Every structure is written in C-alpha cells, then in structure tokens.
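Whenever a hint applies, use it, and build me the whole structure from the sequences.
Chains A and B, in that order, give the protein sequences. Residue numbering for the first sequence follows the working numbering, starting at 1372 and increasing by one per position. Residue numbering for the second sequence follows the working numbering, starting at 1372 and increasing by one per position.
Keep in mind that the hints were calculated from the coordinates and are not lab data. Here the structure is a predicted model, which means the values were calculated and not measured. A hint or two may mislead.
One copy or two, it doesn't matter: identical chains are merged, so the pair holds either way.
[As the list claims (entries may be wrong)] Only pairs whose alpha carbons sit at most 25 Å apart, straight line, appear in this in silico BS3-like list of lysine-lysine:
| hint | residue 1 | residue 2 |
| --- | --- | --- |
| 1 | K1559 | K1528 |
| 2 | K1536 | K1548 |
| 3 | K1528 | K1548 |
| 4 | K1394 | K1536 |
| 5 | K1548 | K1394 |
| 6 | K1559 | K1514 |
| 7 | K1548 | K1559 |
| 8 | K1528 | K1379 |
| 9 | K1514 | K1394 |
| 10 | K1548 | K1514 |
There are 2 protein chains.
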Amino acid sequence: MTAEDYPKPSVTVDVVIITLRDKELQVLLIKRDLAPYRGKWAVPGGFVHIDEALEAAARRELREETGVSEVYLEQLYTFGELGRDPRGRVISVAYIALVPAPLAVTAGSDAREARWWPIGELPPLAFDHNQILQYALTRLRYKIEYSPVGFRLMPEKFTLSALQKAYEIILGEPLDKRNFRRRINEAKVIEPTDTYHSGEGRPARLYRFRRDAIAEVKARRLFP
Amino acid sequence: MTAEDYPKPSVTVDVVIITLRDKELQVLLIKRDLAPYRGKWAVPGGFVHIDEALEAAARRELREETGVSEVYLEQLYTFGELGRDPRGRVISVAYIALVPAPLAVTAGSDAREARWWPIGELPPLAFDHNQILQYALTRLRYKIEYSPVGFRLMPEKFTLSALQKAYEIILGEPLDKRNFRRRINEAKVIEPTDTYHSGEGRPARLYRFRRDAIAEVKARRLFP
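This is how it looks when you write it as structure tokens:
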C-alpha cells in the first residue's frame, strides 16, 4: 500500500504559552472567530500547511492569532484520540512556551480576541484544549523540580525569595524556606551577582541562573 | 477554511523498543519488504488508520511486524520535517518502550525480518530512523539520571552491582561505585529484599524498585 491509499487525517498545531504574572500562572488564549466552537476560548493554533514544518506552523499560527513571535517553543505532546474534533479526524501536535514578561498580544486571523487568563479562572475551552493545557501544566510542575526551566519565567536577576515564590506559584503549594534554599544550592543552577534588591527590610542579594545550566537545558531541547 | 480545504499530510507511527541484553543496549528493528527503502532496516511502524487512535496504531504495527505485544508504550516525539519521506509529506508520531527480557520476535506484514541490534552495531536505517533512535537514546539517558525508569529494563530483583552495570551501559561511561550507591540511596527508589544472589565471592543482597516509585512513574506517563 502507498501513502495515497489511506484516507488521511488532518494535522493541526496548538501552542500553550505560559507566563508568571500578578503572582499567578497565566496562559494565552484566543476567542475563536470561526466554526466549530465559534466564540469559545481556545489555545492558539491551526492547520499545518502541506509544505510547512511543524514548528514553523506553530510559530505562524501564534503570530497570526496573537501577534506573539520570537518565543522559544518546545514540542509537548501529540493528541490524536478519535472524536476530539467535530470536523473529523484531526491530530494535533501541541507545543509549549514559557515566557518571562507578560507579552503584549494582538488578536488577528481566526481569533476575535486574544488575552492572558489566570489558570485558576479559565473559561471552558474548545476541543480538548482543557486537557492539553492540563498536560502542559503537569509537565511544567514535573520539570521544574529537577531542571532549571524556571529561567524562562524569571527576570534576568532575582532574589531567592522571588525565586521561591515562583516555585510556589508553579507547584501550587508553600515551600519551606530552608529546604528550598538547600535544594536550589545543591542543584548548582543559580549563582549570586554583585547587586542587591533594596525594598522593605534589608537589601537582598540578586541571583541569576548560571550560563552553563541554561546552555544545558537549551542543548537538550527536551522540553524546555 | 475547513479541514477539507487543505491538502493533508500522511501520518505514521514508529516504535523504538529498547532492551538490555548481553551487556549492551539493543533495539528491535525490521527489514522492510516494501518500497521505499525495500531491504533496508527500520524501526517498526506504519500508517495510522483513519479510525484508529495513535497508540493503538503503534501497538498494531508492532504486533504485525514483530509479533511483540503487551509492552508499555510512551509517546516520544513527533517528527514532521519536510522531505523526511520520499512518499510525500509524512508526519510520524514516535513511541518508545523499554522492555526487561529479550522478547522473542517474529517478522510479519511488511517486515521481511525482525531482530535485535546492539546500538553500537546499527546498520544504516531507512527514512530518518537513525535520528529517531538517537532521540530515544538521548531521552533515556537523560531520564535515567533522576527517574526510576530503569525498573522497566531490570529483572524484578537485582544486586546493586547489576544495577550499576545497567546504568553504566545506558550512560555509556563507568560510574564511581560509592557515588552511585549514595545517589541511588538518596533517590529512595529501591529497597532491599530478604534474598541474596550467590555467585563468585560472598553473597550479594538483592534489591528491587519500590512499588511507590514505580507507581509514581506510571502515574506520570511522561515517558516512561
């Protein structure tokens, strides 16, 4: 049998973009302007063109629907259950990106609206996008425990308190300060800088992720 | 635009099956009996049927081409570069399985032959299957450092020496005995049994992976 003998599924890409903002994890969603699920919120995404690589398709859809570009995408998982799309057999390759600042967004293309949503206040999503989003969050929580992926969510320099707070937000639970500091030191992924943050109380030293730790994460490209 | 307006890619699944055998990592390959790459070795796999979930397709292809069934599959990565298949645009969802014993295999369907290959002696593979295989091995090496995935490759009970040897084979480098034992203890993933292995020298205690550690890996289902 050749490839042409088989009825073919459609292939889409979907992109989960996560940031830390206002002490919450937030995700970028678009309001659909087309059937099916017209008027429903969804993760940005769309059909892969026949002459387009998967990641290129993910970047194009993200740019068209939200105005966001230049983010570091990693493949997350491919969702291919039967019945996940009312248009027929549609297999979706999902991507994930962690971004530091709350990026400005502009709705376009098939999106009527685009905005950041706190993950605790999500609307019901189109297709199986709630499931895709939950998968992304689970993966993020799992990875952050042993990998310096946090560097993608933090500013360049940060206090240890701010880093602990970020971990607490991502993991959804309070962490013991002494344990957190011991573990982050043992992981050898951050280093002190010569600068201090002055706010209330005494000045707190600023840290940054080590270049070699970041390079290692990037080299692996095994999300993220 | 609807799904029907787009020319559609074909979608395949490919399955990388890895075992530890004769003190080497080995992978199950089939010799293709069809064009393209007829007579070349490849990872087992084939087209996803329109009414078939992705993992079901991976299981079916594996069973048809190699006789292997009842393995624990995890999704690895989706390969969709342009030009990776001479038949046209073909996107492949790759799966991986780690199996403990060297399973018996029987060639069938589109496979003329099926056998285990030591990863140090691989033939040139069809399509981008060398790349898929390298991706699988990199992922395995990365995961084994912080996760008890090794339980899928080991017999139920094993000596610490045998476990260290398995890690050395997978990582491709010798490990310091004292460091290895300290780290495996700290990870809290194995526990001693009441039985001993008697061979040369004094009897060595047998260990097993802890049930809760295995359950945690299984619950995550984030390879493997």
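Checked hints:
1. K1559 to K1528: within (16 Å within a copy, 34 Å between copies)
2. K1536 to K1548: within (10 Å within a copy, 38 Å between copies)
3. K1528 to K1548: For K1528 and K1548, only the intra-copy Cα distance (19 Å) is at most 25 Å; the inter-copy one is 38 Å.
4. K1394 to K1536: within (8 Å within a copy, 46 Å between copies)
5. K1548 to K1394: within (18 Å within a copy, 44 Å between copies)
6. K1559 to K1514: both (16 Å within a copy, 19 Å between copies)
7. K1548 to K1559: both (17 Å within a copy, 23 Å between copies)
8. K1528 to K1379: neither (49 Å within a copy, 46 Å between copies)
9. K1514 to K1394: Cα proximity of K1514 and K1394: one copy only (20 Å, versus 31 Å across).
10. K1548 to K1514: Classified as within: same-chain Cα gap 20 Å, cross-chain 28 Å, threshold 25 Å.
When the structure is compared with the earlier hints, a violation turns up for hint 8 alone.
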